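Chemist: Produce the entire structure from the sequences given, and follow the hints as far as they go.
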Amino acid sequence: MSEDPKRTDTPDTPDEMSRRNFFIKMGVGSVAVAALGTTVFGYQYLSPNVLYEPSPIVDAGKPDHYPPDSVTLDPQTAIYVIRTAEGFFALSAICTHLGCLTAYKPDLGIIACPCHGSKFNKDGVKIEGPAPRPLPWLRMWLSEDGNLMVDRSNAIAIKQLVRV
Amino acid sequence: MANTLDQLVEQVRENRIWRSIFRSGTGASNLHRALFVQQNVFLHLFSVKARKRTVGFSATWYLGAMTFGTFLILVITGILLMLYYHPSVPQAYADMKDLQFVVSSGVFLRNLHRWSAHAMVFLVFAHMFKVFYRGACRPPREFNWVIGVVLLLVTLLLSYTGYLLPWDQLAYWAVTVGSNIASAVPVMGSKIRFLMLGGTAVNANALLRFYVLHCVILPFAATLLVAIHFWRIRKDGGIYAGEPAIEGKSE
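Protein sequence lines correspond, in order, to chains A and B. Counting with the numbering used here, you get residues 1 to 164 for the letters of the first sequence. Counting with the numbering used here, you get residues 1001 to 1251 for the letters of the second sequence.
FYI, nobody ran anything at the bench for these hints, they're computed from the structure. Computed from a prediction, not measured in an experiment: that's the story for all the values here. Ideal Cβ placement from N, Cα and C applies to all residues, glycine included. Treat the hints with care, since some could be wrong.
Said to hold, decoys possible - Straight-line alpha carbon distances no greater than 25 Å define the calculated DMTMM-like cross-link-like pairs of lysine to aspartate or glutamate that follow:
id: 1; chain 1: A; residue 1: 25; chain 2: A; residue 2: 144
id: 2; chain 1: B; residue 1: 1191; chain 2: A; residue 2: 151
id: 3; chain 1: A; residue 1: 159; chain 2: A; residue 2: 144
id: 4; chain 1: A; residue 1: 122; chain 2: A; residue 2: 151
id: 5; chain 1: A; residue 1: 25; chain 2: A; residue 2: 15
id: 6; chain 1: B; residue 1: 1191; chain 2: A; residue 2: 53
Stated by the list, open to error - Derived list of chain B stretches under chain A, where covered just means 3 residues or more per stretch with a C-beta under 8 Å from a C-beta of chain A:
id: 7; segment: 1016-1026
id: 8; segment: 1176-1188
id: 9; segment: 1200-1211
Modeler: What follows is the structure in structure tokens.
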């Protein structure tokens, strides 16, 4: 392609932009803006704003349903309600490795995961297996009508027992 | 008898309607055969001519062709299974059981779909080993190898998304584990899991998302990539025929 001296869209000075270059830059720029906007809208569209999932707060019933020194698993809500001599606490039953539902083995006194063999004691502390963290303690309190309540979305760092 | 059949075939091929569809015309010359391939929308992805040893069994063991064959079986049986399957929490498992026990030939189609899926994953790996150890992934075919790797990924994702759809215990826990593996990605792991499942747990949204991925997005991506994969074979000089030194020995 040879340069035509009569062409009007070539710049007179080197730092001046030609008409064609200007429109190319405008076009590329607007496509880039549109692509960015589409990415943002796409991400927002794909993240649901309302989840029709079960509530994280569980009513675990009256404390005297749980015999002394017991570990009770509710598979529907995936929590253990554990009663010791001192009081109650709630433990998440979801293995910290890859999210399987663990089970309590009463004869061994441990919590075991069927998927990849992690084992925990009744405090949620890992005994063996690939689990990277102990089973989290969940916030537990007594409701006004005397029921044990557990918030599954709220793991507590300081272990506290609910005394009844 | 054979003569009259040949004449009949010839008559059909001379027919105006036939000629309006297949432009290459009758005749068995190399030119006619080449034109037949070149002027067909599907066949034109392939070369009009191939070296004899590349179409023999030993060059490819037909692993790529068999992979494509299982893909076609999966598309056809999958579309048929879609006619009885609702991707919803109350119905998915029951529909799968209906396909097994109530729908005529349902169990055959479901098993065909399942076994073809297993066979496809096996064949993709076998095809890749064959291509790799023959050296067919070297330049100028390196980009087609890359497309092949993406196709392997699409195949595995198709397997994984299809695994959830029966909505039984095996499916549920497999996808729970799989989506937790995805959440191990640094920084954005839990966000990826949230987008993948459309929620915080494997639930109705996850089932629907996996269904759409399995039945629309991934098959469409696979079809597009397969078309490019085949076309690149032609563009890169046909199926790899082997090193010249090996050629001299075998012929």
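Chemist: Quick one: which hint numbers does this structure break? Sort them smallest to largest.
Modeler: Violated: hints 1, 7.
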